[in-house]
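With chain A held as given, fit chains B, C and D onto it using these hints.
Protein chains in written order, with numbering that gives the first Met the number 0: chain A, 0 to 353; chain B, 0 to 353; chain C, 0 to 353; chain D, 0 to 353.
Treat the hints as calculated values from the structure; they're not laboratory data.
It cannot be assumed that every hint is accurate.
For chains that are exact copies, the list does not tell them apart, and a pair is met inside one copy or across any two.
As the list claims (entries may be wrong) - Below, simulated DSBU-like cross-link-like pairs (lysine-lysine); rule was C-alpha separation at most 30 Å, straight line:
{"no.": "1", "residue 1": "Lys267", "residue 2": "Lys352"}
{"no.": "2", "residue 1": "Lys352", "residue 2": "Lys162"}
{"no.": "3", "residue 1": "Lys264", "residue 2": "Lys44"}
{"no.": "4", "residue 1": "Lys267", "residue 2": "Lys351"}
{"no.": "5", "residue 1": "Lys351", "residue 2": "Lys302"}
{"no.": "6", "residue 1": "Lys302", "residue 2": "Lys264"}
{"no.": "7", "residue 1": "Lys174", "residue 2": "Lys302"}
{"no.": "8", "residue 1": "Lys188", "residue 2": "Lys264"}
{"no.": "9", "residue 1": "Lys302", "residue 2": "Lys267"}
{"no.": "10", "residue 1": "Lys188", "residue 2": "Lys44"}
{"no.": "11", "residue 1": "Lys188", "residue 2": "Lys174"}
{"no.": "12", "residue 1": "Lys352", "residue 2": "Lys302"}
{"no.": "13", "residue 1": "Lys44", "residue 2": "Lys174"}
{"no.": "14", "residue 1": "Lys302", "residue 2": "Lys162"}
{"no.": "15", "residue 1": "Lys302", "residue 2": "Lys188"}
{"no.": "16", "residue 1": "Lys162", "residue 2": "Lys174"}
{"no.": "17", "residue 1": "Lys44", "residue 2": "Lys162"}
Protein chains: 4
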Amino acid sequence: MSSSYGQNIRLTIFGQSHSPAIGVTLEGLPAGQQIDMEALQRFLKRRAPGQNAYSTPRKEADLPEFVSGVVGDVTCGAPLTAMIRNTNTRSGDYSNLVQTPRPGHADYTAQVKYHGAQDYAGGGHFSGRLTAPLCIAGGICKQLLEREGIQIISRIASIGGVKDQGELTASTAEKEFPVVDDACGEAMKNCIAEARADGDSVGGVIEVAVLGLPVGLGDPMFDGMENRIASIVFGIPAVKGLEFGSGFDVAAMRGSENNDCFTVKDGKVCTETNHAGGILGGITNGMPLTFRAAVKPTPSIGKPQQSVNLETMQVETLNIVGRHDPCIVPRAVPCMEAAAAIAVYDALLEEKKG
Amino acid sequence: MSSSYGQNIRLTIFGQSHSPAIGVTLEGLPAGQQIDMEALQRFLKRRAPGQNAYSTPRKEADLPEFVSGVVGDVTCGAPLTAMIRNTNTRSGDYSNLVQTPRPGHADYTAQVKYHGAQDYAGGGHFSGRLTAPLCIAGGICKQLLEREGIQIISRIASIGGVKDQGELTASTAEKEFPVVDDACGEAMKNCIAEARADGDSVGGVIEVAVLGLPVGLGDPMFDGMENRIASIVFGIPAVKGLEFGSGFDVAAMRGSENNDCFTVKDGKVCTETNHAGGILGGITNGMPLTFRAAVKPTPSIGKPQQSVNLETMQVETLNIVGRHDPCIVPRAVPCMEAAAAIAVYDALLEEKKG
Amino acid sequence: MSSSYGQNIRLTIFGQSHSPAIGVTLEGLPAGQQIDMEALQRFLKRRAPGQNAYSTPRKEADLPEFVSGVVGDVTCGAPLTAMIRNTNTRSGDYSNLVQTPRPGHADYTAQVKYHGAQDYAGGGHFSGRLTAPLCIAGGICKQLLEREGIQIISRIASIGGVKDQGELTASTAEKEFPVVDDACGEAMKNCIAEARADGDSVGGVIEVAVLGLPVGLGDPMFDGMENRIASIVFGIPAVKGLEFGSGFDVAAMRGSENNDCFTVKDGKVCTETNHAGGILGGITNGMPLTFRAAVKPTPSIGKPQQSVNLETMQVETLNIVGRHDPCIVPRAVPCMEAAAAIAVYDALLEEKKG
Amino acid sequence: MSSSYGQNIRLTIFGQSHSPAIGVTLEGLPAGQQIDMEALQRFLKRRAPGQNAYSTPRKEADLPEFVSGVVGDVTCGAPLTAMIRNTNTRSGDYSNLVQTPRPGHADYTAQVKYHGAQDYAGGGHFSGRLTAPLCIAGGICKQLLEREGIQIISRIASIGGVKDQGELTASTAEKEFPVVDDACGEAMKNCIAEARADGDSVGGVIEVAVLGLPVGLGDPMFDGMENRIASIVFGIPAVKGLEFGSGFDVAAMRGSENNDCFTVKDGKVCTETNHAGGILGGITNGMPLTFRAAVKPTPSIGKPQQSVNLETMQVETLNIVGRHDPCIVPRAVPCMEAAAAIAVYDALLEEKKG
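With the rest of the complex left out, here is chain A (with noise of 0.2 Å):
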């Protein structure tokens, strides 16, 4: 199956790009809370297309329309769901991919997978536009977990290979463009626009930071924080790689220098470093929660590649007409925190059981 997550809370994500509507279905939500219907379009907002220089000119609404889980705008306890109805479509643009599909989409993989008879227009349930309804779950995850002291916070780390300065802090994440050094800022946008200008793409690296965690969080082996966080990054497309705390550099340091000391501040045990990225055995320690992901440069690019023909099995030129993001990362950020938010929201829940 597909498109589900979660074990205290359950979303379920539906909709093609092209489909009447997108949207998503949240269980298990606590009834009773209220929903701040402007922070939540405030959030939504910083993923949506249309904003600026380096997002695709597709222009859409994306209000979320709640047709159930709500009276009002506070929680019922019945299953939420919201919906975004899909207005400014262009199926026409995508008619040349059904046979020849565009290197670094899922065009291929879904034309076998579901032996063609899957949604191709706009990449279909494979969309990026999807993470719209992840965002509408994760917004209200994330005020829920802020009505219990638990914030998240997030920065462009590097686009392109032009990489971010300084610590990322609370104050960062409200930017506009979210990266502590704004002049390292200014260099991404221009790797974006050389990019654009090329009819080619850029990728990057998105840091996430979680704070004010309980001590306790997260369960071993295959319920970990590190596995309930990375089971659902992954599905935000484009993101091929993952790592906690100091993540790919702890390979190359000794034990010595990675281990976090303990030590005592105000009263509460806490460590002098952050190399686990606040989690031990796959349990929050009360340390920040801290991860980055890798997201790949857009696929859809104007230069022409290289694919096949898979009705003659040729190799043929592809042209890819239509409006895509030169680097989707800025849009990708909100979305990181939607589905940290989620990850967190849902390990809370479990916590409470016990």
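Okay, now just chains B, C and D, sitting in the frame of chain A:
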């Protein structure tokens, strides 16, 4: 909860480092499959302790007893449970760790999570020893995959910053110290020996490739191959990062570089390069599925470390006695194969429904 | 949580009686299956309200909108979501029930469980109206089963103590009032009419048979056919009992009487009798799978009833206004078929893995 | 798959009648709970064979070994696995049943499902012996429920058509032959003795009540208390029917009769009657949760029976040798309590999240 994985096969791992036994139950195996017990034993031996200079001297036979699910050595369709008795336990080694947790271990987080009721001896359920039942389950799945023409190979990609050179092939995977370039292997072993001499430890990276996969395994969103593999691989203690194909390197690439062009070989669609690691949209594309996992240095080291006495809330110096691997990377190699085998076999069964 | 069912297909039902819409998401459907929309509409019409003298006069078109998962009327492999708008809502009818719960309804239990945040209008998520999306999902599964030679039929076995006579056959199931003996049917209708005249309601029993099943569906223990069917059938509001084959009658039988002797017909193994209802050890034996479900009388009645004012904690007399079925048994018949279809189709997909 | 149950605790049962051992793994138990091993042993003894005249003479110690999940007799948060060795196996008894399946047993369906690879000895995984691990898990849950003021009691409601008289109370449940009216109990025992003398067997009905439940356990739709209980109770071999409260009797009632009027006692809301069996809309209402399960007569009988030789496809007369209960109802009583305890405890943990 904790210690189960899978949708079409389901494994549940039980046991603590010093409990009477550790084991695994595997549901959903097809009936009538002969398990090659000798091949399984050889596979388990690859992760067994006490084999050589760079692993812990704790020696255990690690012969699994099959208590259910087979008639002779043939699966019968009922849940298969295999168990390993813990014969060589030395609980006394760990008595001082109850109140002064080891940095880098789950001692502290388990203490808080389980309110002091956890089995602290030897790391309890968080011990690396629990990868033995994972390898039993994975070794069985590996055999079943081989019958469908799917092979899983792996190598040590780096240890302590020393990187292997060359391309992973099946012959590499069969080596006692699985690296392509044996000179690199010697350098890695020296690196381990130095760490051991210093009472320290080192980490590394393991690379895995799954060969012979059909096109179409994996599902969209949260059941993609990356998600499925991630949610089991992060269950292996000490894994802090995971990347597929070119992984974090894609973040610095352009789309025209990262996209794998389609071509035709031997009448079949394939790609010229494999930056995608054999996965597009979460679904296998017929190329080798490749991933790399970062393994942190063993947290148990001989050097004195700073910790906190949880009773007095005073900072203390901790000296860990007992037997520990200066580098668990070599023994983690078959664990990665086991994890991959279980995830891939689960996805394969999923696909058979369709 | 709540409103999801299934392992190989997964349905999630959302909506409340008076929310903007109700609907269902169905994951795991095979791609490329054409849905016969007219046949589905005919099936849905069997449970729609306002059709005749013995159901509520609330009339709704109940035309589902397919918002995802299909291209035209063919499944595309993505989650299928279908929705029905709630057009004919009269929230005012229910205003007095918030503080004085209706006997036999979920008003009181929902009030306590959701701390007063539940959507009380029209029964909210507990309304029988939520069986409409169940019937959408079940109607689709029924079509898919028919393509595999599996047919689901049903009848009203009794209403208000009046029992149907004779054996259930396919032709019975097609009747507008599905009983074998139409004279019994008339007696049942009279029974309903009398209850209505008294401002009261009556219950009944529905019998279902699944024909054409292969041997081998269902799994041991908690995934047997009885378990699978029970866990969905008890999701239909008002069901208070469920029995398979000879059901409760077996309790008074001897083994020699209840055991179905094996024999051979047309070269195939079958049984002389079918006390087992086609299930041995949780697994289909090729005989018709039969079950019967007890449906309680509609709890909403016109007669004054004793309840408690939850604010004053005083006993009060409650008068329920609004439109209600004097007997929901006829409308529950297709719901039982839908539930059976979903459970059986899920088990069929499970078996395809093996 | 098969042999797992639960969402918040999860039990997995393994073993076959004649495998080296049978057992159960229980995940999700809270840490720090002391298991009263003597009380557990007393509970297990209630279902053990060989206790009296009306059960099989196969005698087994049935002392569970706790191989994981406890430190001493206190839960430690890791999966708890308990095992019972199969010491008294006589595989020879069953050799002729491979090709000539026993009527009423899973021999034939297992043979087809598992293509002849099933463990046929003693019924394999389908044996009633697998209720021993169910009782281990249930016995533990029962103890945990008692600490929360929730008590589970039961009685034999009928055997072979002989019905008990009077109301189930806690004192009944403690009897060696748990009926209210001991004269009825004597008649039941006679009924069993007659069946045994005839080489035959009899079935019966078991009634269970759960006392002391809070209002609000259970969830709407497919996670209602009826669904949760049904999906475990039908996992007990031989159960063919299940009803809650007044069950099938409600089908002949009018709403005014079946609706339980609310009233106030000791300052708490309750109902005057309990036709609903303590469940409204799937959710507990604070009244005793009551259900009754129909248990078929033991299919293994001494009388010759007609079966089919699966090799020759000829009808044959089958004579079953071996030791069998003429009536399993008395031994099934604690199994019902165990099933109820697990289902209720799982629902209780669910509620703690909210």
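Q: With 30 Å as the alpha-carbon cut-off, assign the pair Lys44 and Lys162 to within, between, both or neither.
A: Intra 25 Å, inter 44 Å, cutoff 30 Å: intra-copy only.
Q: Measure nothing new, just compare the shortest in-copy and cross-copy C-alpha distances for Lys267 and Lys352 to 30 Å and report within, between, both or neither.
A: Answer is both: 24 Å inside a copy and 26 Å across each meet the 30 Å cutoff.
Q.
If the cut is 30 Å between Cα atoms, do Lys188 and Lys174 qualify within a copy, between copies, both or neither?
A. Within one copy only: 14 Å inside a chain, 47 Å across chains, cut-off 30 Å.
**Q.** Copy assignment of Lys302 with Lys162, given that the CA separation must stay at most 30 Å
**A.** within (26 Å within a copy, 35 Å between copies)
Q. Under a CA distance limit of 30 Å, which applies to Lys302 and Lys267: within one copy, between copies, both, or neither?
A. between (56 Å within a copy, 25 Å between copies)
Q: Give the relationship of Lys352 and Lys302 under a CA distance limit of 30 Å: within one copy only, between copies only, both, or neither.
A: neither (54 Å within a copy, 39 Å between copies)
**Q.** Intra- versus inter-subunit Cα pairing at 30 Å for Lys302 with Lys264
**A.** Between copies only: 24 Å across chains, 55 Å inside a chain, cut-off 30 Å.
Q: Check Lys162 against Lys174 for me: Cα-Cα at most 30 Å, and say if that holds within a copy, between copies, both or neither.
A: within (17 Å within a copy, 39 Å between copies)
Q: Measure nothing new, just compare the shortest in-copy and cross-copy C-alpha distances for Lys351 and Lys302 to 30 Å and report within, between, both or neither.
A: Close neither inside one copy (52 Å) nor across copies (38 Å); limit 30 Å.
Q: Can you give me the call for Lys174 and Lys302, within, between, both or neither, at a CA distance of at most 30 Å?
A: neither (32 Å within a copy, 44 Å between copies)
Q. Which holds for Lys264 with Lys44 at a C-alpha limit of 30 Å: within a copy, between copies, both or neither?
A. So Lys264 and Lys44 fail the 30 Å test inside a copy (38 Å) and across (45 Å) alike.
Q. Checking Lys44 and Lys174: alpha-carbon separation at most 30 Å within a copy, between copies, both or neither?
A. within (13 Å within a copy, 53 Å between copies)
Comparing the model with each earlier hint shows violations of hints 2, 3, 5, 7, 8, 12; every other hint is respected.
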